[in-house]
Amino acid sequence: MTTSPAFAEKFESIVGASNICAAAASDAVAGVQPEYVVSPANEQELAGILACASEAGVAVIPRGGGTKLDWGKAPKRAGIILSTLRLNRVLEHAWADLTVVVEAGCPLQTLEDALAKHGQRLAIDALWPARATVGGMLSSNDSGVLRMRFGALRDLVIGVTLALADGTLASSGGKVVKNVAGYDLPKLATGALGTLGVITRAIFRLHALPWATKTVTCSTDRISQAQQWITQLLASNLSYSAAQTRFVARRKPEIFVDILFEGTEAGIASQIAQVKSLARPISVADADHSVWQFRQRLHAEAKQNPAISTLGKISALPLEVFGVMEDLYGRLHPKANFDAAIQATGLGVILLRGDTDTVTSALRACRKKLETLGGSLVLLGNSLAAKGIDPWGTPGDAFELMRSVKRQFDPQNTLNPGRFVGGI
Amino acid sequence: MDARILQEFRNLVGDRGIISSTDELHTYECDGLTNFRVLPLAVLLPADTQQVQNIVRTCHRERIPFVARGSGTGLSGGALPVKNGIVISLARMNRILEVDLENARMVVEPGVINLDVTGRVQAQQFFYAPDPSSQCVCSIGGNVAENSGGAHCLKYGFTTTHVLGLEVVLADGSLVHLGGKTLDSPGYDLAGVFVGSEGTLGIATKVTLRILKRPECVRTLLAAFPTTNEAGAAVSDIIAAGMLPAAIEMMDRLAIQAAEAAVHANYPDCGGLLLVELDGPLAEVESLMEQVDVICRKNGAWEIRVAQTETERALVWKGRKAAFAAMGRISPNYIVQDGVIPRTALPQVMSEIARMSAETGLRVANVFHAGDGNLHPLVLYDRQIAGQEAAAEQLSYRILELCLAAGGSITGEHGVGEEKKTMMSKMFSEPDLDTMQRVRCAFDPLQLANPTKVFPRPRLCGEKPGEYVSHPLETAGIAERF
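If you read the protein sequences in the order shown, they are chains U and D. Heads up: the first sequence begins at 1 in this note's numbering, then just goes up one per residue. Heads up: the second sequence begins at 1001 in this note's numbering, then just goes up one per residue.
Pulled out of the complex, with its shape left as it was, chain D reads as follows (with noise of 0.2 Å):
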């Protein structure tokens, strides 16, 4: 970069605000997803919502792309730096500046870390629900960027149910509200298409949220299945039979195996393990976790267990959010897609993932968000053994191919990033992406704000039909088109 432009970068954060040295840089080559990796030319962190203005600013006139980055827990490549860009890092504004209990809202800046907002109001009974499994780690910033989930998201919603405004700065440098603290503000909703725009339209640095009182009661059972297609059938019961559970999850055998290796959550060794949870009055949950008893034994269930306590649901829960984590224990590498599919479609999608699998001799663990279809296959491989990653990396798309046959996405909640650009051609027609592009022309013309993310071939904006010209991206080797 030139050494100019570095100076005027240092002036505007002081020197704990910038990263320029190529040892340090490596830190933040790529986010969760380690396959990509991109060294950026410098590495800023501002302190402040006026800093980063001055330092988009400057992008916008030096013509300088810039990535936001917030806890760099990311599953896509949303993080990873573009070639000749920078990385505008959100973690040291990390501040909870308003809690109104009485109203139910908080206002926090984009590095403060998910739990911790359940954390400062968990005393008064209060919890932020967007719970992904990385909640201890990832900040809100992140979580506005990807639209992220967890396990609750069929009942609580994702993270855009619960954002009600934001500040944001523009790819211009300027600061624009969206939304706000009261609901339906007049105009359009654009504070909800910016939340799951992964980065593509400004940088959130103000955040305000919506907090729920904590249900009555919570109750989890446990529920052990000879194979997930009984386990899956369990599900369509409780849904037909009316019920909204808090949670439904399921693990096939491999990732059971895992996770005991990992935490030793004890659960039984089974081919399909049931987790529901229901929350609400004491006296509907008790009733209705005897039906979802009676339903598990009519499937098949030949354990069932209910965590009556708050260290039983913990543990109960101990061995689902370690599942990624815990394939380490029993494979060097691995591979997690985050393809959706209609819940009725999972029988059929698990014994085809079976067969790919068999075919080509690599391991799939899966763990599935039963409640809303968000499946979760691990493919598991050894990179030290030729052919095995590219090889791991086809079939995790095949399994894409067959969540979009079945109806439904390529994507439930890790986003799109870097990684699923050309899956994108494969779910959207040109005209349902070229429309959604008219939105990121008119919040990021020249295309700043992460620019190389989510779409397979960027619009130039002002784009006329016609004879395909080359975008600069694509011509300066930064972009490709698929």
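In isolation and in its complexed conformation, chain U is listed as follows (with noise of 0.2 Å):
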């Protein structure tokens, strides 16, 4: 639908003139071109914008950094990009309560140098920090390698702003960590990719940066070993941030172990001597922290190279993993193959690059495989091999309810028409 003159000219009436302009092909979504991009400098010019372009059934397309533009399905309809980059403040850092309330628009290395003055962090290690928002971060539930010690963004996050498609701005949570008054709705909001309302503030609980940490790693060619070393490692009372198992692709596969350890160096030294003891014969070294980096090395190859790689990211139980990694294996090999980092919490992203065919069905068994042990699958980006997939999966028995609450939130469909689960 073509955004006539009329509304654009009340979109500029909220924002100024020199804060709308016309969207470039680059602004484009899956494929959909805009119209325009509107930049609001605040809550209440954001929550006008989408009143009017409710009124005027225009699709609004939240974008802070555009770095997850390409998850989920393509929209419907895209008639303006609404940016929240000029909601960029970090409002109030009340560093004695160890909380953090920020706009959404704020990157997340803003939001972390900040937090690291008083020497705390949010316990996430979010993807591509530098242009990443705390919006969209919070939209497409980022999940990363810290999230086993310190829980998911649903857990960090106590409260939040939502502007709603026709205008409305709701409050919810609020700044204390401990807090059961009235609906959950920062829940809601997060990984709804902004299909339920923008969030324009969010309101974190913070923790200290570490005294001390350390990496270590093993390595084996034999993907079961890893499971068994996963296996001990959980059923042991060890405390460490992550765990994750790397699959690196290569003539022969090759799979490492890594532990990230935090706390006080005593008790780290510990922990690793007993580490080695549960891994003996095999050894225990010393590893970079650029281990932890593998996460984002795999999703920034899949955005570089959408003909020839496909990101996934999958959800099984933490044992269960490695059963699919074995049928996924055996499925690719030898035209394909795929880099993998599974955190011992059981997701994990894979990146599978070679013969497209080979792919897309190895991909098909997969969901299959994963969606029939009660996991999931979703494809994120817009790589070849996936074309023709469905991104998100098979929706639940309760996917009806959450169409009624997308009905209740959005009943015109405003708001990243279709990106969503089942087409929401």
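Honestly, the hints are just simulated from the structure, not real lab data. Fair warning: this is a prediction, and the values are worked out from it, not measured in the lab. Take the hints with a grain of salt, since some may be wrong.
Claimed, not checked - Just some of the chain D residues that point at chain U, by a computed CB distance under 7 Å: (1) T1161; (2) G1280; (3) P1281; (4) T1344; (5) P1347.
Note that CB positions come from ideal geometry on N, CA and C, so glycine has one too.
Both chains come to you apart, so use the hints to assemble them.
Next comes the structure, spelled out in structure tokens:
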């Protein structure tokens, strides 16, 4: 639908002429071209734009750093890109209370630097921190290696302000970690890909930066060995911040298990000693912290080469994921291969490369296997091999309920229409 | 209730599954908050999910509101029956269905007692983290409804942190699965919205829980301070040092005296008592405990004890866990509140509570989850003295307003229920409450599931802005507008 000049004028009257411009080809989302990019200065302007767009039947694509715009299905319509980048301030860092209030368009690196001034962090190693914003990170439910110890974004976010499609600004949660007043809307907004409302600000609980950190790794060429180590690690009472299994495709596949310890020097030393005795006779070596960047490297590679690589997020039970990897290897080899970063939580990222047909058929089989196990495979990005495969997978029996929630929040389908699970 | 419908319910659950005589119904007329009592039309005790669905379908057809009930220990009236409605008790659905230690998951029915979850796996050194003080009685289903906390929330989170999936009967009797055994199921986090929704979105009939491995070592320290201010300062220093204790609890003199009279935990008699628990690798915990000791002394602690064995640790906690019940030793009645404040606001809030207490002549004992800012002021009174109950209620609400003014919340773990509906309008604006109720409309458009709780003004689903139209519940005199 073409936005009529009357509505472009309305948008202009809300944000000012210099904050609305014609969209370029590079602003297209999964091949769907929006007409304008609108950049409100604050929550009120943002809400005003939404109300206006809903009234005009214009579809809105919220955008922060744009690092994950290629996640989800292609939008059914795209009238305007609603940029959150001007809502970019850290509003309040109550460091003595371990909380921070931050606007949704604030780049994660900016937030990280502000928190570090008081020796604190938001305990998530998010993707593309220099460009990605708070709102985008939350809306896509980014999930990194620290999740093992610190939980997911749903466990770190304690409050949220949402701008709804009809222009309502609604806050829920609050500034305190422990709070059960009302419904937990911050959890609803997390991972909702902006389809229920645009996050304008978020409140997070924080953690202290660790006194000391150390990474160790051991390697094997057998998936079953890696599974055994993870089994033992999970059964132990060791206190680690992250544990991942890295699959690196080579002529012969290499598998590494990395463990991150954070805490006091003495505590770390005693735990590494325990890990070494667990892994005996295989040696456990010190490793560079860069192994934790492996997940980011896989995402970056997929973005750069969609013609030959495909990225997926998998979720399985912590120990069942290894059987899935065995299966995947068998289906791909030798015409294709994969790298993977699988966390001990059972969540991971896989990057598939090689012959398109082989990859496509392996993806379908992998998803089927995962779904039978009660897990999932979500395809991220617009790769060639994933064309024709629904990125989200089979919605469960709560799908009608989700549609019902969507209808309550955005009856006219203004926000990211069609991008979410089941085409919501 | 219509005899025909009563018989229909009887056919669904059998004679053992229905209570309809007035004498017996009195058992269910309130939960742990005894100031509000409403007699339900009947109490049904289903044995399985299918029976729950059948009951709810009948309710849906006949437009009978229902209130789900676990152990009935709630402190905000969440399980208070609704006039002309029924209670659906989940007490008979109390089986642990699956235990998967390797993947650290369990599946339980909602009537399972909180402590029994840990009990089942403790021999293998696992535990279920959320530990409300009522845990030997309260049920998992109730915990899910309230998003129950406990003393270990700052480090270990809440019920919602450890609930991975739910089987839920919706208000029309249909069955859905929210979340699952694996993480990040694609779609909206409806499991996350359901936990803490106080029974207003449906009835959970199966709960998938995450269990944790016990850390290598746990140490608990008790420190006596001249007043709660010094204790609070010590807490701030502990947090500023970068530590994340498993628990930090605080009690004031009155709370200590009550606890001593009740369970003889042998606490030092002081103005402010701090209980600090650290867990993790032995080498780390021992060195951090030394730091905690230094911090406490620096802030004026005149006695410090460290529990070395599990028995000593249990004794240290005994007094704190018995705190509410112990009030019976020093007062005929009490009202407990559940406000939350940013930790840094503690000194000014405590001094204001003391001032209000002196002004009203009502004593207030204070128990405080110092780690997460959850305050439990216990307003002590004697119901036999005319006007004291009303004065005590008033004071408890003023304390909540104080918490809000300090940037906190009206409830950290007990829930809004019936008791704090009016306060919701002080914490949230109309658009905020309206937005939350959109979720309710999506789950339960007829508003049959625990309809009068949490929200001060019910929202008609499909409501359009404009002139006020009263909700059928309001017209029928069941709900009030605040």
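Going down the list of hints, with the structure as the test:
1. Interface hint status for T1161 of chain D: upheld, as the beta-carbon distance to the closest one in chain U is roughly 5 Å, under 7 Å.
2. For G1280 of chain D, the interface hint holds, since its Cβ comes within 7 Å of a Cβ in chain U; the closest pair sits about 5 Å apart.
3. At about 4 Å, the closest approach between the beta carbon of P1281 of chain D and any beta carbon in chain U falls short of 7 Å, and the interface hint on this residue holds.
4. Hint status for T1344 of chain D relative to chain U: holds, with the closest Cβ pair at about 5 Å, below 7 Å.
5. Checking P1347 of chain D against chain U: minimum C-beta separation of about 12 Å lies over 7 Å; hint violated.
When each numbered hint is compared with the structure, a violation occurs for hint 5 only.
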